[in-house]
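Trainee: Here is how the chains run, residue by residue.
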Amino acid sequence: MEDDAPVIYGLEFQARALTAQTAETDAIRFLVGTQSLKFDNQIHIIDFDDENNIINKNVLLHQAGEIWHIGASPADKAVLTTCYNKSESYCFLLSLSPFTASLFKSKWQLFFASDSRVVSCAAVWRMPSDWDTGNHESPDDSAHNPQTLELLCHLDDSAHGNAACVLWEPMGDGKRVISLADNHALLWDLQESSTQATVSSTATLEGKGQLKFTSGKWSPHHNCSQLATANDTAIRGWDLRTMSQIYCIENAHGQLVRDLDFNPNRQYYLASCGDDCKVKFWDVRNVQEPVKTLEEHSHWVWSVRYNHSHDQLVLTASSDSRLILSNMVSISSEPFGHLVDDDELSEGEDNHQDDKSKEPLKDSVVSTYEEHEDSVYAAEWSSADPWLFASLSYDGRLVINRVPRALKYRILL
Amino acid sequence: MMDGEAEGSVSADSGRKRRVHGMLKLYYGLNEEGKAPEQPESLDPCDINGPHFDPELYLNKLRRECSLAELMDQETCMVKQIRSLDSDMQTLVYENYNKFISATDTIRKMKNDFKKMEDEMDCLSTNMAAITEFSARISGTLQDQHVQITKLSGVHTLLRKLQFLFELPARLNKCLELQAYAQAVSSHRRARCVLQQYSHLPSFKGIQDDCHAIMDKLAQELRQKFRDGGSSAKDLSECVELLLQLDEPAEELCDKFLSHARSRLESDLQGLEAEIRPTASAVKDALAASTQKQLSGAAAGSPTDSSPKTSALPSPSSKTDILEFIDRGCNEFVSSLCLVITSYQELFINHAQTGELASKNIPQMANGKLHTFVDDLATRYFSLVERRIQEEKGVGDNSLLVRALDRFHRRLQAVAKLLPGSAVPNQGTEIVIRAAMERVKQYLTALQSFYMDSLTDVRQALATPRLSVASASVAGGGAHLGGAASGRDAPNSLPELLSSLSASILNQIKSVLASVHLFTAKDITFSNKPYFKGEFCSQGVRESLVVSFIKFVCQSSRQFCESAGDKGGSTPPALLLLLSRLCLDYETSTISYILTLTDEQFLVQHHSPVTPVTTLCAEAREAAQKLLNHYVKVQGLIISQMLRKSVETRDWVNTIEPRNVRAVMKRVVEDTTSIDVQVGLLYEEGVRKAHSSDSSKRTFSVYSSSRQQARYAASYTPSAPMDTNLLSNIHKLFSERIDIFSSVEFNKVSVMTGIIKISLKTFLECVRLRTFGRYGLQQIQVDCHYLQMYLWRFVSDENLVHFLLDEIVGSSAHRCLDPAPMEQSVIEVICERG
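Those protein sequence lines, which keep their order, are chains Y and F.
Residues in the first sequence are numbered consecutively from 1, following the UniProt record's numbering.
Residues in the second sequence are numbered consecutively from 1, following the UniProt record's numbering.
Please keep in mind that the hints were generated in silico from the structure rather than gathered at the bench.
Don't take each hint at face value.
[As the list claims (entries may be wrong)] Calculated cross-link-like contacts (lysine-lysine; reagent style PhoX-like; alpha-carbon spacing at most 25 Å):
1) Y:86 / F:217
2) F:645 / Y:212
3) F:217 / Y:208
4) F:205 / F:217
Produce the complete structure using the sequences and hints provided.
Mentor: What follows is the structure, given as structure tokens:
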């Protein structure tokens with residue numbers, strides 16, 4: 001069957017930002033944000049038709065700037081956040097809104113038309129309600145002018161520098177987000193159907209030099225009261241109730257830590273990846289040594305993602321243009337494979353014996369995907385189909401792959 | 001019978017005889033096979049030789065059938081045959097007649113001789129009858145006197161015995177006075193039975209009582225003497241012998257004897273223990289003393305001390321060395337033990353076997369006692385010896401220990417000879433084996449610590465000339481370091497460090513092997529034990545010493561990679577490089593050399609499976625590979641870090657127009673050059689693809705490249721669900737995928753390629769995270785051109801550098817707000833000026 005053949009989709013711009021539409025549980029849908037300094041940036045809504053193996057896409061304009069990070073609300077399909085760079089020249093800014101310019105405290109240098117600043121911002125957006133229907137009516141109309149995102153509110157606070165990423169409260173009601181800006185973690189409350197955002201509490205990373213959060217993850221465990229962040233080579237855990245640090249893994253990686261993910265089923269388990277080409281698995285109760293280390297990539301690892309339902313499946317994306325799917329059975333929540341229920345057991349002795357004779361599963365690389373030609377900066381599991389994932393490389397290529405059938409059946413049966 | 005006779009006499013002419021024989025046979029109707037009667041033709045009446053021959057028929061037949069001439073011939077032939085038959089018959093008759101005559105003569109002569117003999121026999125029988133009669137008459141007359149004499153002599157003996165009995169008490173007393181115990185005992189023994197038998201007579205009873213009293217006293221005295229123990233062994237044995245004869249219980253005597261011996265042997269053991277104990281209890285004093293001793297030793301400068309570091313460990317045994325200790329043990333304890341065993345056996349076992357005591361199972365009992373006694377003492381002795389051997393920690397001079405063990409073992413052989421069934425010699429051998437094993441272990445630790453120490457030395461050596469390497473390479477551009485540094489500090493250049501390191505390790509191994517070899521020397525008694533011939537050589541020396549050491553080298557090398565991995569270069573990269581070369585050398589030659597050397601020296605016969613050379617080589621190669629990979633990684637990261645900082649810390653949007661190559665790029669080129677020099681010192685050049693004639697002058701395709709055009713020309717159209725960036729991907733299709741942190745080969749070019757790959761990829765990724773202004777892009781162009789000018793020469797495939805630099809410039813152009821590239825000629829001018 002063509003089942004295992006990857007589906008490839010190309011964007012005309014470079015892209016780094018990818019997310020699954022978290023609130024959507026029926027359709028397989030991914031959101032991709034583009035990076036272009038010249039043209040209006042876009043958010044591509046990629047719908048994957050699993051049965052026909054066809055991709056449907058819709059484009060929304062994101063005129064504010066190039067998108068570095070994108071996050072979808074867990075509660076409302078239409079709401080999403082982006083972190084983007086505003087990089088207009090100063091003069092342009094000046095003519096447009098002198099107030100904003102003074103906000104950025106840049107010098108009044110009218111004679112230098114090229115003098116400009118690049119500022120990272122974050123905002124909450126709403127997709128136009130008819131993006132779907134409108135597009136379906138004229139799917140082949142390439143001249144169709146794409147619709148624009150509706151800005152709900154900015155998540156910017158002039159006091160707290162450049163936003164690196166925005167995290168939604170996992171499985172929450174879409175009312176709370178955290179933004180990481182330079183060395184601050186800001187917890188926002190979204191009100192009035194997300195049109196207003198107020199900072200409810202902040203945490204600041206103190207230390208020598210210019211510390212800067214590179215990435216973070218909101219833990220789905222402990223009643224969503226914990227946050228993990230990465231800065232330089234360290235991983236830190238924060239308690240959101242007190243906004244204080246609860247653990248710190250110094251030198252988690254030899255080089256910069258690029259990404260983190262929480263095991264969805266084991267509350268103390270955390271995966272991290274970084275510029276030392278390694279993927280490490282941590283038990284945050286013992287931060288001295290990683291539980292497990294993977295060294296499969298031949299360059300920096302930019303993204304690590306646990307499968308939402310089968311946490312032995314771990315997806316890693318690297319700038320060696322590869323995507324690797326690993327089967328980390330030994331540290332998963334089901335180290336002995338799928339546990340057979342009692343009623344299933346009673347079905348017959350043969351079944352039972354088959355289970356016993358099964359070899360204990362070993363940690364292994366399931367598959368290496370080499371469809372990308374450029375660095376892969378993002379990989380995401382679909383929120384609707386646990387056996388499907390997408391990866392995005394810098395050259396704008398989005399590849400949708402499935403977990404190999406053999407493995408899928410071995411996990412399920 | 002006739003045939004036989006004929007055969008015997010006519011042997012002269014066998015041919016004739018045969019013929020005669022044949023004809024006679026024919027005559028009697030027998031042919032050779034003796035089945036004449038069955039033959040049908042014999043019935044033929046015309047057969048002249050057949051039994052049914054009918055002359056009439058035959059004649060008729062002849063006459064009828066033959067011509068006249070034939071008849072004439074037949075007749076002559078027949079006449080000739082008849083004549084010869086006649087003469088044969090005559091000869092036979094004559095011969096038999098002669099024999100008959102001679103037989104008759106012999107019989108007649110015998111008849112005469114027998115008649116003479118018969119006469120003489122008659123005479124003899126009459127004489128014998130006369131002698132018998134005389135003899136009977138004599139014995140009859142002497143009968144009475146003979147009876148009387150017999151009676152008298154019996155009385156005489158009895159009287160003598162009685163006299164002896166009566167005199168016995170007095171004699172015993174006298175003996176007691178003169179201390180002639182042996183005589184007393186023998187006298188008493190002779191009388192004892194008689195006295196016992198006649199004790200119902202009052203007079204005898206008195207004597208017996210007297211004797212008993214005296215003998216008791218004597219026994220008392222003997223026991224006293226025995227107990228005192230001061231007397232010589234000979235006296236003692238005499239005592240025991242006498243007491244045994246006095247029916248003293250043998251078991252008790254054995255115990256007493258042994259307890260005496262024990263007390264003496266114990267004092268020996270205590271003496272030995274005293275030699276260990278003071279040193280153990282007063283380690284501090286000993287330590288001071290030993291350091292002093294070592295100082296003086298160092299001053300003396302003993303050349304035999306092959307490993308000054310390991311032997312400098314303060315050995316607590318400073319008072320007496322092990323040889324002295326063992327000597328003393330042998331001379332005092334073992335020799336007196338042997339003496340005890342001999343005399344004991346003499347007394348209780350050999351002696352008793354001959355006498356009547358044998359019946360009481362005394363030898364067995366005594367033997368058992370002796371064994372437990374010897375085992376007990378030997379165990380204590382062995383524990384002392386083992387304690388002493390354990391104190392022997394310094395591995396400086398092995399010959400002393402081996403000699404001591406040899407002596408120890410040799411002396412135990414005496415015990416083995418005396419006590420054939422004893423476990424003592426085996427235990428002794430086990431101690432020797434344990435000591436040898438322990439020694440091998442110590443040597444392994446010593447080798448390991450020697451290796452680590454030499455690594456520390458190398459590290460220090462590397463740390464000091466570090467500056468000179470950098471300066472030399474900077475000054476000389478690409479000039480070889482060897483010339484520059486040799487004037488200053490010769491042994492500090494990498495190849496020399498490597499060779500001195502590997503030579504010193506090899507020497508150390510050799511000296512250790514030589515020391516261990518002493519265990520198997522021909523003149524050492526225990527060297528012909530099966531253990532030392534087989535297992536010691538293969539398992540002990542080869543496996544747990546040599547192989548373990550090689551494994552340790554590989555493993556410790558690998559640890560450098562792992563421990564340094566996270567902490568970020570705690571190991572100097574030069575050391576990694578050096579170790580990698582060392583491991584590679586081990587793989588190619590050293591391991592097989594060392595193992596061959598070992599096998600030759602120890603004539604290893606591999607009974608048990610041993611680690612094959614190939615496994616070790618594979619391990620060494622793996623370690624070398626890992627180290628080199630790690631070296632590439634560390635060096636790549638150092639350069640990466642510089643590049644990353646330089647990209648991250650600059651405001652690329654608001655930068656000024658480039659006038660110079662940035663200093664960091666120069667630094668990168670300098671560092672790369674010095675790494676190149678460093679690697680070149682240890683690794684061969686390696687192959688590279690042919691350079692184009694003018695590599696440094698290559699133009700960058702910032703915008704000329706079609707893929708960039710395609711990107712920027714892309715109109716604002718929604719993407720099709722198919723990859724539209726065909727052009728950009730076609731470009732990549734034809735260039736191979738580059739693995740950044742990949743395994744490198746063992747040559748300079750490969751190593752340099754690896755380092756440059758890592759650095760440039762980092763540069764690329766960092767550029768992609770930034771936004772550039774016009775001049776930012778131009779600065780990157782200048783920098784990349786500069787890198788291009790200098791880096792291509794290091795790598796195996798210059799296209800790789802081109803490709804990565806292209807990507808960097810391309811990406812920065814992409815990330816540029818105002819992409820206005822700089823003129824190529826201007827770039828070249830700037831770079832050449834820098």
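Trainee: Compare the structure with each hint and give your call.
Mentor: Verification of the supplied hints:
1. Y:86 / F:217: Violated, because 128 Å separates the two Cα atoms, which is more than 25 Å.
2. F:645 / Y:212: holds, 14 Å
3. F:217 / Y:208: Violated: residue 217 of chain F and residue 208 of chain Y sit about 105 Å apart, past 25 Å.
4. F:205 / F:217: holds, 18 Å
Going down the numbered hints, you'll see the structure goes against 1, 3, while the others check out.
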